[in-house]
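Chemist: One line per chain: the protein sequences are E and D, in this order. Per our numbering, numbering of the first sequence is gapless, rising by one per residue and ending at 349. Per our numbering, numbering of the second sequence is gapless, rising by one per residue and ending at 663.
One or more of the hints may lead you astray.
[As the list claims (entries may be wrong)] Derived pair list, reagent style PhoX-like, types lysine-lysine, alpha-carbon separation capped at 25 Å:
1. D:406 / D:507
2. E:301 / D:603
3. E:330 / D:603
4. D:528 / D:620
Note that these hints are calculated values from the structure, not bench results.
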Amino acid sequence: MINRNSKILNSLGVALAGLVLVLSPLLPASAARLGTTDALNAAGGVTIQVQALDKLMSDNQTVRFWVWCAGGMGGGGGGMGGCRIAGPILELGVGQRANVSLNVMMAPQESPPYQGHTIHWHGLDVSQTEDGVPETGAAVLGDNYSFSVDSRYVGSHMYHCHVHTVKHLEMGMYAPFIVKAVDGAGNFTNVINSGGPSYDYEWNLMYSSVDPAYHTAVGDSTTFADYNPKYFLINGNEGRSQTAPAETVTAAPGKKVAIRLMGVQSVNTSFEIKNAGGSSQSFTVHNKDGFKLPATQTLTKLDLSPGQTADVMVTLPGTAGSWYPQVTFKNLRNGGSYSNGVVYTRLNF
Amino acid sequence: MQACRQSVVKRIRWLVCQSLVLSFLVVLPHTVYAASYTLYIRSGTHTINGNGGAVLKVWGYTDNSTAAPMVPGPQLQALEGETVTVTVYNQHTIPHNFVVRGITTDTAAIAANSSKTYTFTTPKAGVYLFSDTLNNNINREMGLYGALVVRAAGGVKKAWTGGPSFDLERVWVVSDMDKKNWNDVAGAGGTVSTGTYKPNYFMMNGLGGFDAMHDPNSVLQDTTGKVGLLRIVNAGQFDQSLHFHANHFQIVDKDGTRLSSPEPGDTINVKAGTTAMVLFPLRKGIYPMHIHSAQMETANGVYLNGVATLLVGN
Ligand SMILES: [Cu+2]
Ligand SMILES: [Cu+2]
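For reference, chain E alone in the conformation it holds in the complex (with noise of 0.2 Å):
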């Protein structure tokens, strides 16, 4: 279910990235994926489960996070793994059903009420019985869902614990979930949404923050009511500078990336690419919350609130080089961006 071509392109890394280039004409007719590679199709049967992730800080300080961990016919090798923060990623062809379980048998978790967890599936408008809320019916100490969507959802959603979710969403149970648009023989094709353009490459960026003191609080705690991140993240990793970015990916020159944005954050955010020399770069916004744009927006600068997601693309300089997409954390009072709030990758080409 994984595409091996993709993944092994990846796994040369960074350091062989001159040669992506001379491998270019071996890529399949799908698209590469920049950065991590534990992408599942959520119609091969999924199992989830949930891990306690020890996670060392830029500060030294230890966090604590919960984290899913995929296994089942599509994960890598049958036993459980991927175990991360924003992954593992879910796709799922237009028309297809996806069928994921969750397993809690040795989960971490609270306490009731609030114990177990569920799988919501943010942007995907499931029915009821499969929308993972558990005051309106959700099964919280193991589920199976199954659902499809049509062509209107081709690109970025996520999915996320719904129990206690003012804690269970903090403590890292997330990760991305992309529509993707099939041919006639129901292979993903690398479309941004129905009917638009294609990429070569495709990049998934989450937005997660991190307030330590949500990580040990448990119950109806009033450490919930105030909110105060000390971390940004994303993919799951601290990215405080240009040189110690978050994520660094490699593509190659001429080529059209996607990148998805996908905030589950609880602050507001805002989104550039700048170049070597600070400059922004402009981008092409297509999707909004996993649908299609009425007109696409060429911005330089893209907000994301909590909870929401785009699809943007650029099209790489011929020339080789470095650009620095970044992501600015604000807070809900006035914009202001946090102390540290700022979270750099690099995309090579």
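Please build the complex by placing chain D with the ligands on the supplied structure of chain E, with the hints as guidance.
Modeler: Using the frame of chain E, we list chain D with the ligands on its own:
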């Protein structure tokens, strides 16, 4: 998969499983259709019910000279192009004002124990925030805000004259209050230090989520497939990111700017002091609408007693 299974185990906070019992007769208790309104500015208390709730000291507009302040204030309604007169009596001990954002411009104070009459013509259909703009946001934070609904000519069910149609509508005034640092202090006559604002109450039409999920004026409920027009006013100090389960909406108006081509979404950021209007087609079942920002889902930390309500397709 199996609806209802969990609710026996979990704390039941929403009416689920058994059909949600909501009156189909939506009562708008404080709505008066008239070209002229009288409002009174009063101090008093406002209660958020349920776990985490509290009694907050507030200042608010009300439609009764001897009653408690209302949070939000009485809903004002008018038709597109209608001339509206609002007389405001300040029965409080400090100066206040009354400004309809985007319509009126007189920000001068109404002194304590005096009144002022505002006359304006509604420029175009939509939803507007009215509030007290004085005192460095303190007066608005304390509860002096509400919504003016301006309907299309003839009161037809269109977002504006010639605009997109809807079947039912709700007005969602969302807001926040910092009990400890602002309401307790200002309510006791003290000086608020506005540099610090840590709201711990987040309201939908003045209610915590536990109430708002049963409030017929907040819950969007009707036959599956009906299209609801949501007139959203963020009267608070924090931007609010409203996430809708069940369906994507179409944004038709962003803070008074009509979109000729509606924009789709499942989450809308309504910035503090601004408005939006979205069309939402109801889907069969019971689904939440909630803020997607951590603490704003809570009342003083208690989950789902913040800004939340339900979207119900019968
Ligand atoms: Cu959970
Ligand atoms: Cu969500």
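Chemist: Which constraints among the numbered hints does this structure fail? Numbers only, ascending.
Modeler: Violated hint: only 1; rest satisfied.
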